[in-house]
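Taking the hints into account, I'd like the entire structure generated from these sequences.
Number of protein chains: 2
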Amino acid sequence: MIATTPAPPYYAVIFSSLRTEVYDGYADMAEQMVALATRQPGFLGVESAREGLGITVSYWESLEAIRHWKAHTDHLLAQKMGREKWYAAYKTRICKVERDYGMEV
Amino acid sequence: MIATTPAPPYYAVIFSSLRTEVYDGYADMAEQMVALATRQPGFLGVESAREGLGITVSYWESLEAIRHWKAHTDHLLAQKMGREKWYAAYKTRICKVERDYGMEV
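For the protein sequence lines, the chains are C and S, in the order given. Straight run, no breaks: the first sequence in this note's numbering ends on number 107. Straight run, no breaks: the second sequence in this note's numbering ends on number 107.
One should not assume that every hint holds.
The list makes no distinction among identical chains, and a pair is therefore deemed to hold if it is satisfied within one copy or across any two copies.
[What the hints assert, rightly or not] In silico DSBU-like links for lysine-lysine, alpha-carbon gap of 30 Å or less: (1) Lys87 / Lys72; (2) Lys82 / Lys93; (3) Lys72 / Lys82; (4) Lys98 / Lys72.
Keep in mind that the hints were calculated from the coordinates and are not lab data.
Following this line, the structure appears as structure tokens:
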């Protein structure tokens, strides 16, 4: 569940969100968007957790790949519904991963 | 709970982890480390969620501030205990936040 990513540099999109109390369609859409993201060019991996605050980090080969995903038609619709129904607040941060290290399973 | 951060550029440390089944001391230490981090020079904010996978993102003014925090004596001890007892696996990613946008509460 920790994403396996190549040696840096690569890019990360940190999406932090607080939900509304509207559940209608949210879980299905979230699942669809993850499935769709994994099929996009330049997608490297995704990590997600929610505990009140939700944090989803997706990893990408390039800024171009991130722009492409942000502009995907189905994703644009999901973003619009997110703003209108599902999210009380969110912040998206586009980052360049400069260094990484860790302990494997 | 979404961190309030200044205009980019600034830095993010994405810490993704899987826990062991050892609970002894973990919650207290995690709380202490967040409290200590917030008092470090260059600290900007922190966001955290766990749902199986844990994701903690801390935000910093500079790479120097991140190095300083990584080398803090109490934090070094916590890192050692984390590797030995609490974490089955983890990955730390040091990132430069280049752009951000969102919807406020």
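- With identical chains treated as interchangeable, where does the CA-CA distance between Lys82 and Lys93 reach 30 Å or less: within a copy, between copies, both, or neither? within (14 Å within a copy, 32 Å between copies)
- Between the shortest in-copy and the shortest cross-copy C-alpha distance, which are at most 30 Å for Lys87 and Lys72: within, between, both, or neither? The answer is within: 19 Å in one copy meets 30 Å, while 40 Å across copies does not.
- State whether the alpha carbon distance between Lys72 and Lys82 is at most 30 Å within one copy, between copies, both, or neither. Result: close within a single copy only, 12 Å intra versus 39 Å inter.
- Query: Between the shortest in-copy and the shortest cross-copy C-alpha distance, which are at most 30 Å for Lys98 and Lys72: within, between, both, or neither?
  - Reply: Close inside one copy (17 Å) and across copies (20 Å); limit 30 Å.
In this structure, none of the earlier numbered hints is contradicted; all agree with it.
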